[in-house]
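The sequence shown runs 0 to 153 under numbering that gives the first Met the number 0.
What the hints contain is simulated information worked out from the structure, not anything from laboratory work. For every residue, glycine included, the Cβ atom is placed at its ideal position computed from N, Cα and C. Among the hints, erroneous ones may be present.
Unchecked claim - Across the chosen pairs, the derived CB separations fall in these ranges:
| id | residue 1 | residue 2 | range |
| --- | --- | --- | --- |
| 1 | Glu39 | Pro149 | 33 to 41 Å |
| 2 | Glu39 | Pro89 | 57 to 65 Å |
| 3 | Glu39 | Thr8 | 48 to 56 Å |
| 4 | Trp7 | Ser83 | 42 to 50 Å |
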Amino acid sequence: MSMRCKTWTVRIVLFTVFWLSACTLSLPIDITGQWVGTLEYTSGPATGFIYPLTLNLIYNSRDVTGTITLVSHGPFTFDLPINSGRAKNPDIRLDAFGTNPHVVPSPTVSIALEGRYDAESMSGEGTQTVDGATYEFNWTASFVPPPAPPEGDS
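Go ahead and model the full structure; you've got the sequences and the hints to work with.
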């Protein structure tokens, strides 16, 4: 085998090894389930305030659906359906849109979350728009394992 042929063989083998190792580093993580956390506003009249955040996610081959639950006035919460969601380890983006039924007249609300995740936590930055006014925030959430089945159940 000529020196040129050996050089190309080594290059191809090294490229294949690097390519395969890169593929294994980004194995998908199923993020289906409930994630509970907070969002802290960094702009607007609520700057510095921290509010609860709940994500109920369904993961299917990088696509994410489900709901984002936000706090309304008083003890009320409301759900926004996720109309666009993508998760490719370690990056996630969720976009949700809807209305807040606990305020009259019901304002349109959209929220966009971008960040990073692993099997137990996720965090990042986002924006929330209420009737055209946009506010920025930082967010974090932790996975809530489902309850264990009662003893004696199979």
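These are the hints, each one checked on the structure:
Distance hint check for glutamate 39 and proline 149: the Cβ-Cβ separation is about 38 Å, which falls inside the suggested range of 33 to 41 Å. At roughly 21 Å, the beta carbons of glutamate 39 and proline 89 sit outside the given window of 57 to 65 Å. Checked against the hint of 48 to 56 Å, the pair glutamate 39 and threonine 8 passes, with Cβ atoms roughly 55 Å apart. Checked against the given bound of 42 to 50 Å, the beta carbons of tryptophan 7 and serine 83, roughly 44 Å apart, stay inside it.
When each numbered hint is compared with the structure, a violation occurs for hint 2 only.
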